[in-house]
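Keeping their order, the protein sequence lines are chains A and B. Position 49 of the first sequence, counted from 1, bears residue number 58 in our numbering, the numbering being contiguous throughout. Position 233 of the second sequence, counted from 1, bears residue number 242 in our numbering, the numbering being contiguous throughout.
Think of the hints as simulated: they come from the structure by calculation, not from any bench. One thing to keep in mind: the hints can contain errors.
Chain copies aren't distinguished; within one or between two, either way the pair holds.
Cut-off 27 Å, straight-line C-alpha distance, at most; resulting in silico cross-link-like pairs (DSS-like, lysine-lysine) [unchecked claim]:
hint	residue 1	residue 2
1	Lys112	Lys56
2	Lys56	Lys100
3	Lys56	Lys278
4	Lys337	Lys100
5	Lys278	Lys112
6	Lys268	Lys357
7	Lys337	Lys278
8	Lys56	Lys357
9	Lys112	Lys100
10	Lys337	Lys357
11	Lys100	Lys278
12	Lys100	Lys268
13	Lys337	Lys56
2 protein chains.
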Amino acid sequence: MAIVGDTEPTGAPAADQAVVALEQADNPSSPVVRFGPDRPLLLDSGKRLNHLQIAYQTYGTLNEARSNAILLCHALTGDQHACNRHPVTGKPGWWTEMVGPGKAIDTDRYFIICTNVLGGCMGTTGPATTDPETGEPYGLGLPVITVGDMVRAQAMLLDQLGIETLFCVAGGSMGGMQVLQWAATYPERVFSALPIAAGARHSSQNIAFHEVGRQAVMADPEWRGGRYLLDDTSPRKGLAVARMAAHVTYLSEQALHRKFGRNLQDRDKPTFGFDADFQIESYLRHQGMTFVERFDANSYLYLTRAMDYFDLAEDYGGRLANAFRGSKTRFCVVSFTSDWLFPTVENKAVVRALNAAGASVSFVEIDTDRGHDAFLLNEPEMFDTIRGFLSSAAYARGIA
Amino acid sequence: MAIVGDTEPTGAPAADQAVVALEQADNPSSPVVRFGPDRPLLLDSGKRLNHLQIAYQTYGTLNEARSNAILLCHALTGDQHACNRHPVTGKPGWWTEMVGPGKAIDTDRYFIICTNVLGGCMGTTGPATTDPETGEPYGLGLPVITVGDMVRAQAMLLDQLGIETLFCVAGGSMGGMQVLQWAATYPERVFSALPIAAGARHSSQNIAFHEVGRQAVMADPEWRGGRYLLDDTSPRKGLAVARMAAHVTYLSEQALHRKFGRNLQDRDKPTFGFDADFQIESYLRHQGMTFVERFDANSYLYLTRAMDYFDLAEDYGGRLANAFRGSKTRFCVVSFTSDWLFPTVENKAVVRALNAAGASVSFVEIDTDRGHDAFLLNEPEMFDTIRGFLSSAAYARGIA
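Please work from the sequences and hints to get the whole structure.
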């Protein structure tokens with residue numbers, strides 16, 4: 010049986026995006042697989058999830074050999090809608106530059122699966138999901154999850170879909186962390202791996218910025234100890250501040266200078282006030298305001314926490330190479346010159362460990378001034394690199 | 010008449026620091042000079058301040074020729090207490106490493122003046138000061154001020170003290186901005202100038218981080234549109250988040266890695282929760298909590314805004330060199346290799362402009378991993394540089 014993807018999500022974006030977004034947590038406009046207490050997910054914290062639902066999108070067609078499946082792993086604020094119209098915002102998916110017919114990740118050639126991550130808010134179990142045992146949203150009752158937990162949940166979905174081996178696992182940022190975790194946990198299921206703008210651990214500075222964001226959310230009285238959904242409210246202002254702080258780290262100083270500089274907003278002289286006077290202020294406020302229309306604040310806490318806890322070497326006796334010993338997976342590591350969140354040095358640490366483990370690895374540093382978010386943008390050198398890597402791997406894998 | 014300084018502020022720190030801090034706004038434990046409507050301060054915004062008070066500290070002795078006065082300009086969250094015990098926190102002043110008997114800025118040799126900046130909250134007119142015309146705190150009723158306004162207010166104080174020429178103006182970060190502004194506005198009053206870790210303008214990224222902080226303050230419902238003092242409350246949580254975000258930018262990734270790394274807080278394993286699990290989280294929370302005990306939230310808005318507006322070239326026809334044409338001031342510009350808030354490239358832009366203007370300038374980049382805050386720390390190479398620069402200038406100035 011060939012699985013055919015390209016499912017456009019059902020439902021149109023409504024006027025009140027926040028309401029639509031909240032509905033997605035339980036009833037996403039994507040296919041969903043549900044697991045019950047007979048198939049609990051054991052978590053790294055030692056706790057277990059007796060109920061698990063996973064929402065996903067697919068694009069392209071699984072071949073008869075089931076050998077052409079690529080799993081896309083999304084970043085902190087992404088979701089399963091990689092290259093279809095987003096059911097809440099109505100905008101194109103987050104990786105439409107990269108994924109599609111004839112694109113670097115070619116949906117005419119490969120079968121693409123993208124799941125909403127565990128802890129997310131677009132249909133996979135997360136803090137906004139209704140706990141079947143209480144009938145209320147999990148909120149902070151959901152156990153804290155890790156990148157390892159996310160990957161084991163994805164593996165359960167693939168089992169269900171009958172996909173034993175992935176031709177490739179690909180993703181940027183937190184998605185890249187999942188790629189590395191996949192390669193470490195299930196080396197025999199991963200033919201090739203493409204971690205982009207990622208690292209094998211979260212740095213002290215990255216933890217610091219995440220903590221600022223979490224404190225901004227939790228400082229908002231509307232957060233109500235995490236129980237805001239029960240009161241039909243949400244910490245919108247706090248979450249917007251968290252998003253603004255994080256967004257600065259996704260860009261580079263050079264890109265900000267080029268895009269905004271010190272340009273004022275529709276005027277020649279400053280207003281000498283506290284409204285958005287500079288274009289960069291207005292841009293950031295817009296980023297904050299639109300984000301809260303589509304994202305759950307508790308999800309933000311859980312996913313930043315999962316990233317903070319990520320330290321792959323720590324799980325393998327303090328030596329990163331041990332995570333990849335004997336691996337037959339082909340790796341391509343991609344970094345960006347102007348990324349200061351996951352700078353090249355962190356990506357190179359992964360490359361060094363892969364080399365030390367005797368794994369097959371190529372490494373490309375893309376010259377760009379667009380910072381961490383370059384993995385989402387039109388970067389032709391990145392596309393050429395990935396297209397070439399996948400074509401060569403496809404040949405080795407016998408994919409037509 | 011020789012002015013002798015070293016005034017220890019009166020009053021001991023009390024249990025409720027926030028109350029003590031608030032009292033400082035009107036009745037500081039420092040000397041104060043007050044100006045009335047007969048001597049209004051004209052502001053860059055076009056508005057005027059009919060009442061102005063300036064709080065200051067002095068250290069050392071003014072010589073008979075009145076030629077050995079050094080003005081210290083403090084940074085965003087500093088104040089006039091450069092090297093005495095702080096009347097609110099009870100801790101040593103912010104520049105005790107640099108300033109004192111026998112130190113690089115030697116109080117045995119020079120007469121040091123440090124004023125609380127206009128817009129501050131330690132006794133110089135700022136939003137927490139009582140407006141004599143209403144009997145209530147200015148709050149957002151205070152006109153927005155600029156670095157130029159700060160400097161003109163300082164000049165009024167010096168006139169009052171009978172100090173015509175400054176042997177040196179020195180300061181780091183926002184203090185360095187004031188130094189550059191002094192040299193541009195009053196070249197004949199500044200014999201030497203020492204801007205440290207500063208730039209001639211605030212970059213887009215710096216404006217972005219400030220805007221995050223302001224939004225954090227204004228998102229706190231206790232901010233109450235800036236009128237919180239009237240309600241005997243304050244936006245403590247929002248200000249703490251703002252401070253946390255800013256504090257990350259004052260350090261370097263390397264310093265954070267060296268000091269905290271991914272070390273957990275007093276335990277071997279993560280708690281899988283949202284308490285401060287990593288040492289860096291606990292450190293940041295502490296920074297946020299202690300800051301709100303001594304600083305006014307509206308002051309934070311005003312001073313960050315003044316920094317954002319700073320663009321010295323803009324005031325001189327778009328060409329920075331024009332700000333320094335014909336200047337006889339001797340400059341020493343100091344930057345730090347790991348400072349990403351005011352990176353060396355911004356400091357060098359000042360040096361280039363000074364060279365283009367034919368000014369006397371030396372430039373030193375200090376090799377350190379401590380980031381922007383290095384100007385406050387024990388950096389022997391910085392001390393040697395500044396000691397040498399001042400000694401040479403003192404010889405030229407005829408100071409014994």
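To see whether the hints hold, each was checked on the structure:
For a Cα distance limit of 27 Å, the shortest separation of Lys112 from Lys56 qualifies neither inside one copy, at 41 Å, nor across copies, at 58 Å. For the homomeric pair Lys56 and Lys100, neither the shortest alpha-carbon distance inside one copy (37 Å) nor that between copies (46 Å) is at most 27 Å. In the homo-oligomer, the alpha carbons of Lys56 and Lys278 lie at most 27 Å apart only across protomers (15 Å), although the nearest pairing inside one protomer, at 58 Å, exceeds that limit. In the homo-oligomer, the alpha carbons of Lys337 and Lys100 never lie at most 27 Å apart, since the shortest distance is 38 Å inside one protomer and 59 Å across protomers.
In this assembly of identical chains, Lys278 and Lys112 lie within 27 Å of each other by CA distance neither inside one copy nor across copies; the values are 45 Å within and 44 Å between. For a Cα distance limit of 27 Å, the shortest separation of Lys268 from Lys357 across copies, 23 Å, qualifies, whereas the shortest one inside one copy, 29 Å, does not. When the C-alpha separation of Lys337 and Lys278 is checked against a cutoff of 27 Å, the pair qualifies neither within a copy, at 61 Å, nor between copies, at 32 Å. Neither within a single protomer nor between protomers do Lys56 and Lys357 lie at most 27 Å apart by alpha-carbon distance, with minima of 34 Å and 55 Å respectively.
Taking identical chains as interchangeable, the C-alpha atoms of Lys112 and Lys100 lie at most 27 Å apart only when both belong to the same chain, with a minimum of 19 Å there against 61 Å between chains. Only within a single protomer do Lys337 and Lys357 lie at most 27 Å apart by alpha-carbon distance; the minimum there is 19 Å, versus 50 Å between protomers. Taking the shortest Cα distances, Lys100 and Lys278 never come within 27 Å of each other, neither inside one copy (35 Å) nor across copies (41 Å). In this assembly of identical chains, Lys100 and Lys268 lie within 27 Å of each other by CA distance solely inside one copy; the values are 22 Å within and 43 Å between copies.
In this assembly of identical chains, Lys337 and Lys56 lie within 27 Å of each other by CA distance neither inside one copy nor across copies; the values are 32 Å within and 71 Å between.
Figure legend: structure checked against the earlier numbered hints; hints not met, in rising order: 1, 2, 4, 5, 7, 8, 11, 13.
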